[in-house]
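*Asks:* Full structure from sequences and hints, please.
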Amino acid sequence: MIYVQMAWANLWRNKNRTLITVSSVFFAVVLVLFIRSMKLGSYNHIITNTLSLYTGFIQVQGKGFNDTKSLENSMALSDTQLMSVKSINEVTSVVPRIESFALASVKNRTEGVSVTGTDPKAEAAMNGLNGRVTNGKYLDPHSKGALVGEGLARRLNVLVGDTLVLLSQGYYGMSAAGIFAVEGIIRLPLPDLDNSMLYLTLPTAQWFLSMQGRVTSLAVMIENPDKENQVAAKVRKLFSDNYDVLTWRELIPDLLQGIEFSNASGIIMLSILYLVIAFGIFGTVIMMTAERRREFSIMISIGMKPKQLSFMVFIETVVIAMLGAVSGAVASLPVLLYMKANPIPLSGQLGKTTLQYGFEPILPFLVSASLFVHQGVVVFVIALMVSMYPLWSINRINISDELRA
Amino acid sequence: MHPSFLITILFCITLFAQNADEVVQKSEDLLHSRSSKSDVTMTISRPSWTRELSIRSFSLEDDYAMIYILSPARDMGTSFLKRRIELWQWSPSISRVTKIPPSIMSQPWMGSDFTNDDLVRSASVVNDYTHSFLSDTVSEDGGTAWRVELIPKPTAPVVWSKVIMWITKDDYIRRRVEFFDERGTLMSVMVLENVKKMGGRTIPTKMTMTPRDKPGHHTIMEYNDAQFDISINESFFSQQNMKQIK
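Chains as they are written, first to last, in the numbering used here: chain A, 1 to 405; chain B, 1001 to 1246.
There may be inaccurate statements among the hints.
[Said to hold, decoys possible] With a straight-line cut-off of 20 Å between C-alpha atoms, the simulated PhoX-like cross-links for lysine-lysine are:
hint, chain 1, residue 1, chain 2, residue 2
1, B, K1214, A, K63
2, B, K1099, A, K107
3, B, K1243, B, K1037
Honestly, the hints are just simulated from the structure, not real lab data.
*Replies:* So, in structure tokens, the structure goes:
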């Protein structure tokens, strides 16, 4: 206990020295937290945007649909099942959809289109599809018409009010045909979608493809991305083995891989930052040790064993590192929370491009407990490793040389 | 071996070869008439669903046919017109007549195990194949039957490499038809049952087509009513008449 008392007294004996060392750890923590929060925030932003645009965090599908996107692998979906998914606490919206392909024909033009039958209200709640209408109106639950991507409308040369013929293959394998009026034109963020996407209401698509009561997928949005696996497990309980419940990681592995790749390079940058931080703290510690060499020699010469002395110094460093890490985290918290609430807007060309992809043009921040714990612990460990230097130097101190000086 | 014995065998083979042609011709005559009208129920079975279509069809010689879908409601009024080797489809939901291109002739018809080609029947069982007897067999209802092997002639528009028909000896009715692909693998089997008098003829009124490579798939066609040699002429088979169920 005496060591703790002595260490504490030592810290207060030279306040400036303590302050300098604490602040070197403090700034390291603030810097690392800031950079990491921004990086993770932007991943989160990309994921949430991509997922809310279409996929959802979790999807219920007919068995095998993810591998073979054919209506044969569609699933029966009752209102009861839909409601029970909706009533899971963490779930914010659920969108039942039919995804299929068709030939769209207008006069003598024919184009391949992706047909999506959806619940217009749920779709609007999930991704604000209604806000993307550039001409005409959005689908209402009873409309029998179609919502057409801007690029597709241009390729087919249709305007709002025109009719188009869709030809496809229905659920029972027979040919499916229908005439649909164009009710609205929508601008979709990704050119591929914009050039091929056609929305119908779910009942209309079910009629068109002769698949009453069936859908190909049920997209589920949740509030907190961290709960994805928990919610997936809950959803899985509601459905039999004839259904697949998949998370976005299985649905769009490309996105995940892209982020993992970017994160790998981020981690390399972060390691370099850690190294810089480590040397910063190291410099402070070297100075501190040099300053106290004489003090250490006196302590040893009046009978303190080097081991005891090392232990005392070790306690000092732990306290310093802890003070730095905790104060850094505490000071960062309001700043990061402020940045999270008021993200940096992207302006100019970068902003425009981001907007075109359907993402909000901002640099968002992520604030999570795990971020603080991870970064706090890493910097703390770095500080501890650096403080091995005084311990090492105590053991090879030359008392007579030091005292003579 | 005595030469006369050899001659006898050779003679028998040629005799049989002629007979095989005749047997197929006779069984064909039983089924086909100059003209016909029939109401058929088609049941399509898949591992996860079963679907029933009711169909009315008219035919004249080998060249003309009209098929109307009577139910289910979603497909009611859809019709198919065959004129010689061409096939058209009328889709009431889009008010359009589309020609079914040759490229999808071997595709399933209305999701069944019959192909568009089965409807058009561009090949003639009698003229486009060479026929020979295999060993006799016992047909499903117990009577003896010939097994006739049909090999398509090189110029015949046929996708099969070989077809084997079981034709009963007492009434020349086909009871079973096996279809083989170009590798000689059995691909589908059509079983013909419920031989009944209908429209003044004795015909099998139930046909079941079962593809061998898809478990749980089969299509049953059952005649509910058939009339033969009705008075109908070529002008009936028009695009105009496709639009209204007759």
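*Asks:* The structure should be examined with respect to each hint, and the outcome stated for every one.
*Replies:* Right, here's what the structure says about each hint:
1. The suggested pairing of K1214/B with K63/A holds, with an alpha-carbon distance near 18 Å, which does not exceed 20 Å.
2. Restraint check for K1099/B and K107/A: the C-alpha separation of about 16 Å stays at or below 20 Å, so the hint holds.
3. The straight-line distance between the Cα atoms of K1243/B and K1037/B is roughly 18 Å, inside the 20 Å bound, and the hint therefore holds.
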